[in-house]
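**Q** In terms of the numbering used here, the sequence shown opens at residue 5 and continues consecutively.
Worth double-checking, as some hints may not be accurate.
In silico DSS-like pairs for lysine-lysine, Cα to Cα no more than 27 Å straight-line [what the hints assert, rightly or not]: (1) Lys159 to Lys118; (2) Lys58 to Lys159; (3) Lys51 to Lys118; (4) Lys412 to Lys364.
No lab work stands behind these hints, which were simulated from the structure alone.
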Amino acid sequence: MNSIPISALFSILVLLVLISGFFSGSETALMTVNRYRLRHQANNGHKAAQRTAKLLENPDRLISLILLGNNFVNISASAIATVIALRLMGEAGIAIATGLLTIVILVFAEVTPKTFATRRAEQFAFLASAIYGPLMTVTYPLVVATNWISSLILKLLKTDSIPAEDEHLSSEELRTVLNETAGMVPQRHRDMLLNILDLGTVSVNDIMVPRNEIVGIDLSAPWDEVLHGIINSPHSRVMVYREDVDNVVGFLYLRKMLDALRAGKITREYVESVVRDPYFIPEGTTLTVQLLNFQRERRRVGLVVDEYGDIQGLLTLEEILEEIVGEFDNDPHVKPAEIRPQPDGSFIVDGTTQVRNLNKSLNWSLPSEGPKTLNGIVVEHFENFPPQGAVFTFNGHPITILAVEDNKVQQVRIEPADFDEADEDAKNTDIASSS
C-alpha cells in the first residue's frame with residue numbers, strides 16, 4: 005500500500021465513510037418505515053414499495069446483510085486511516101488517527117445519516133431496497149451462514165422469535181394511532197372510528213330502553229285505546245302485548261300499515277294478523293355481536309331478556325348506530341334534555357339517565373360496570389330510597405337528591421369532581437350580602 009498516493013488513500017477513506025453512512029442510514033430507514041403505508045402502496049402496484057416489502061419479509065437476513073457490509077466498510081476505513089497515519093506521522097499518528105476516525109464515523113457515518121433516515125425513511129428505504137436486492141443475491145451464502153450462527157446462539161440463550169400476530173395492532177394501540185391522526189382525519193370521522201372500537205366493550209344493557217320506560221300497546225285493551233295508541237305512536241315500530249309486558253305478542257311495523265290507516269280499513273283482526281314475532285336478545289351481548297345479529301336476522305328491534313326469560317329492556321338498531329355516529333336528532337353541542345346545566349357549574353339530572361350517557365355528554369369517567377343509571381347508583385349507595393336533600397359523593401362527584409317519587413329517584417343535582425366548595429361559599433356570601 006506504500007505505493008498508493010496519499011491523495012488516493014484519502015479519497016478511498018472518504019468513500020468508505022460515505023458507504024458506512026449509507027449502511028447505517030438504510031438500517032434506520034428500513035426498520036422505521038411505516039409498514040402499513042408500505043403494504044398499502046405495494047398492494048396498489050408501487051414497484052419500490054413491493055421491493056422493500058419483500059426485503060422486510062425476512063428482517064433477520066436483511067440486518068445480517070447490513071451489518072456485514074457496515075462492519076466490512078468500517079474495518080477497511082480503520083485500516084486505511086492507520087496506513088495514512090503511519091505514513092504521515094509514524095507510530096505516534098496511530099492514536100491521533102483512531103481519535104479522528106472515531107469522530108468522523110460517529111458524525112458522518114452514524115448520527116447524521118440515521119437522523120436524515122428518520123426524516124426521509126420512505127425515500128431512503130426505497131433507494132436502499134434497489135441496492136440490497138442484488139447485493140443479497142451476491143452475498144446470500146455468507147448472509148445465510150451468519151444468520152444461522154446468530155440463530156444458534158439465540159436458541160442457546162432460549163430467546164424465542166416474536167410471533168407474526170404480535171406485530172398486529174391491538175385495539176388500544178389502534179386507538180392511539182387514531183388519536184394521533186389529528187389534522188389528517190377529520191374529527192368527526194375519527195370519533196366514529198373510535199366509537200366502533202368501543203362497541204366490543206359495551207353491552208346491550210348499557211344502551212337499551214329500560215323495561216319501565218318501554219312504550220307498548222295492550223291488545224287486550226278496548227279497540228279505541230288500541231287504535232289511539234297506533235295512530236299517536238311516536239315510533240315506527242311498536243311492541244304489542246296482552247295485559248302485561250312479559251306477555252309480549254310481537255311488534256307492529258307502522259309504516260307497513262299506512263295504506264290501511266289511510267283507507268280506514270284497520271281492524272283488530274288486521275292488527276293481530278300483521279304483528280311480527282318478537283326477537284329476543286340475551287342480556288350482556290356486546291354491541292359488536294348484536295349489530296351482526298340484527299344484520300343476520302334482518303331485524304331492527306329486539307327485547308333484551310335475562311337468564312330467566314324476563315324482559316329487561318328494548319333495543320333498536322338505531323340505538324347501536326347512534327353509538328357510532330352520535331344522536332340522529334340532536335345537536336351534538338347541546339346537552340340532552342335529561343341533563344340540565346346550572347349557573348353554578350352543577351347539573352340537574354334525571355334519575356333515569358344512564359351513566360354512559362352522562363359520561364359521553366359531560367366527558368366524565370364515572371364507573372359504569374355496576375348500576376347503569378343514576379337511580380341505581382343512589383339506591384346502591386344508600387341501600388334504600390333516600391329522603392329528599394340527602395347528599396353523598398360518588399367517584400369524587402357530590403350528588404344531592406332533589407326528588408324521590410314512586411319508589412324511584414326522579415332528580416339529582418350532581419357537581420363536577422373538581423367543584424370548588426370555596427367558590428360556592430363565596431357565591432352564597434355574595435347572595436346573602438346583596439339581599
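**Q** Return the numbers of the hints above that this structure violates; sort them in rising order.
**A** When the structure is compared with the hints, only number 1 turns out to be violated.
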